[in-house]
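Participant: Assemble chain B onto chain A, guided by the hints.
Single-letter residue listing:
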Amino acid sequence: GAGVSQSPSNKVTEKGKDVELRCDPISGHTALYWYRQSLGQGLEFLIYFQGNSAPDKSGLPSDRFSAERTGGSVSTLTIQRTQQEDSAVYLCASSLDPTDTQYFGPGTRLTVL
Amino acid sequence: DAKTTQPPSMDCAEGRAANLPCNHSTISGNEYVYWYRQIHSQGPQYIIHGLKNNETNEMASLIITEDRKSSTLILPHATLRDTAVYYCIVSPRYNQGGKLIFGQGTELSVKP
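These protein sequence lines are chains A and B, in that order.
For any residue, its number in the numbering used here is found by taking its place in the first sequence, counting from 1, and adding 196.
For any residue, its number in the numbering used here is found by taking its place in the second sequence, counting from 1, and adding 530.
Okay, chain A solo, but in the shape it has when bound (with noise of 0.2 Å):
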């Protein structure tokens, strides 16, 4: 079956402008994470959402960071302002429930100029 994705596979944007990074989800899998990779750097855990229950934000950098799923499937990460040091490898992983197996997009890949 599908896996998840993402969309886009690379974006380049120039430093203080926003830019919004999509994941579409297994169908069906209730739970949703945001990490990110940077250069050299393992993956960190960015926020996850969990059904209707409000998600977890303990691991967005910065104020600037915000992400929305809207209609339990289909999740939006925004960046405003961004930075150089954004620049990175964002990863969506979904699971069917939060003691499931995780399964992972193929990220996309940021870069602020």
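Calculated directly from the structure, the hints in this document are not laboratory data.
For glycine and all other residues, C-beta sits at the position ideal for the given N, C-alpha and C.
Misleading hints may appear alongside valid ones.
Stated by the list, open to error - If you want the ones that stay clear, here's a sample from chain A, every Cβ over 10 Å from chain B, calculated:
1. Ala198
2. Val208
3. Glu210
4. Lys213
5. Val308
6. Leu309
Said to hold, decoys possible - EDC-like cross-link-like pairs, simulated, lysine to aspartate or glutamate; straight-line CA separation at most 20 Å:
7. B:Lys599 <-> B:Glu561
8. B:Lys533 <-> B:Glu561
9. A:Lys207 <-> A:Asp296
10. B:Lys599 <-> B:Glu585
11. B:Lys533 <-> A:Glu240
12. B:Lys582 <-> A:Asp296
Stated by the list, open to error - Examples of chain B residues toward chain A, derived with CB under 10 Å:
13. Gly573
14. Lys582
15. Gln634
Facilitator: Leaving out everything else, chain B in the frame of chain A:
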């Protein structure tokens, strides 16, 4: 912080078994050992997980020591396509928030 320690890199000859170690000496009773791998420019891929018994699936085997303080991921017949960074993660099955905490992993290079 990651609760696991892995060697930063390993080499393996194609066709040989690749044995990737992981130390998790502070693992608690409700925490599972998960293995993911990340092939260059791709998202992480789930491999296998276990609690205390050895596990095997079509991709790999997981051997967990009796005291659960360490484990080994075994790729029985490594191929060039197994070249990747392998992450060992400990996490409760019913964890709060669902997030995985990745360490630096082991970069496995399979050589012809």
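Participant: Against this structure, judge whether each hint is valid.
Facilitator: Cross-check of the supplied hints:
1. Ala198: The claim holds: Ala198 (chain A) sits with its nearest Cβ about 14 Å from chain B, beyond 10 Å.
2. Val208: holds, 16 Å
3. Glu210: holds, 24 Å
4. Lys213: holds, 24 Å
5. Val308: Nearest chain B Cβ is 19 Å from Val308 (chain A), so the label holds.
6. Leu309: holds, 21 Å
7. B:Lys599 <-> B:Glu561: Measuring from Cα to Cα gives roughly 11 Å; hence the hint holds.
8. B:Lys533 <-> B:Glu561: Between Lys533 (chain B) and Glu561 (chain B) the Cα gap is close to 11 Å, so the pair holds against 20 Å.
9. A:Lys207 <-> A:Asp296: violated, 30 Å
10. B:Lys599 <-> B:Glu585: holds, 16 Å
11. B:Lys533 <-> A:Glu240: Status holds; Cα separation ~14 Å.
12. B:Lys582 <-> A:Asp296: holds, 18 Å
13. Gly573: At 3 Å from the nearest chain A Cβ, Gly573 (chain B) passes the 10 Å test, so the hint holds.
14. Lys582: violated, 17 Å
15. Gln634: holds, 6 Å
Hint check: violations occur at hints 9, 14; the rest are consistent with the structure.
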